[in-house]
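Generate coordinates for the entire structure from the input sequences, incorporating the hints supplied.
Take the sequence shown: its letter number 4 is residue 24 in the numbering used here, and every next letter is one higher.
Just so you know, these hints were derived from the structure itself, not from any lab.
The reader is advised that the hints may include incorrect statements.
As the list claims (entries may be wrong) - Using C-beta positions, here's what the derived DEER-type ranges look like:
(1) ALA155 x GLU79: 17 to 23 Å
(2) ASP145 x ASP77: 25 to 31 Å
(3) GLU187 x GLU48: 18 to 24 Å
(4) ALA101 x ASP40: 23 to 29 Å
(5) ARG44 x ARG68: 18 to 24 Å
(6) LEU129 x ASP70: 22 to 28 Å
(7) GLY170 x ALA101: 14 to 20 Å
(8) GLY161 x GLU48: 38 to 44 Å
As the list claims (entries may be wrong) - In silico DSSO-like pairs for lysine-lysine, Cα to Cα no more than 30 Å straight-line:
(9) LYS184 x LYS114
(10) LYS114 x LYS128
(11) LYS184 x LYS128
Even for Gly, the Cβ is constructed at its ideal location relative to N, Cα and C.
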Amino acid sequence: MVYIILGTGFEEMEAICPCDILRRGGVEVQLAGIGGTQITGGNGITVRADCTVEELDLERMEMIVLPGGMGGVHSILGSQAAMDAVRYAYDQEKLVAAICAAPTILAKLGITDGKRAVVYPGLEDQMGSARMQDANAVRDGRVLTGRAPGAAVDFGLLLLETLKDAETAARVRAGLVYTH
Numbered sequence: 021m022v023y024i025i026l027g028t029g030f031e032e033m034e035a036i037c038p039c040d041i042l043r044r045g046g047v048e049v050q051l052a053g054i055g056g057t058q059i060t061g062g063n064g065i066t067v068r069a070d071c072t073v074e075e076l077d078l079e080r081m082e083m084i085v086l087p088g089g090m091g092g093v094h095s096i097l098g099s100q101a102a103m104d105a106v107r108y109a110y111d112q113e114k115l116v117a118a119i120c121a122a123p124t125i126l127a128k129l130g131i132t133d134g135k136r137a138v139v140y141p142g143l144e145d146q147m148g149s150a151r152m153q154d155a156n157a158v159r160d161g162r163v164l165t166g167r168a169p170g171a172a173v174d175f176g177l178l179l180l181e182t183l184k185d186a187e188t189a190a191r192v193r194a195g196l197v198y199t200h
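Here is the structure:
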């Protein structure tokens, strides 16, 4: 199970693109809302989450995904249940993924220390000892990071390749007619 955490003000592309790509690849994904199941993103799009963060089945979790958007990042930081789920995922050797401003959450928890990572341009100074890269999406062990909304497809494909395999990611990429 992959859980994508949605907090008020989340970046819609960074949640929906990876969710769509993972589901196309046969991965079970649930959107998990902070403070309910009707969550409005930073661009005014309201999404109905499958569950709340308090309802996560941590035992079934393979990966947790944190979309960016400054409002969404602040929502995650302000939610003990969301922060506990991220810490649990990392401590239990699950996959942890974040895109845009959300890698700063991983940095605050020490998860990106010494790891290759990307973050939204201008936030590099909030990444602690992470080794910043020039890429759309980066994997370093169990930690996956993406740069920005424009990298949402690359990020989603990296998540899929990590959870499944390169062939599945290539098949989904071809179906999207994504040539970047």
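Next item on the list: Would you pick out the hints that fail for this structure and give their numbers low to high?
Entry: Violated hints (numbers, rising): 1, 2, 7, 8; every other hint is consistent with the structure.
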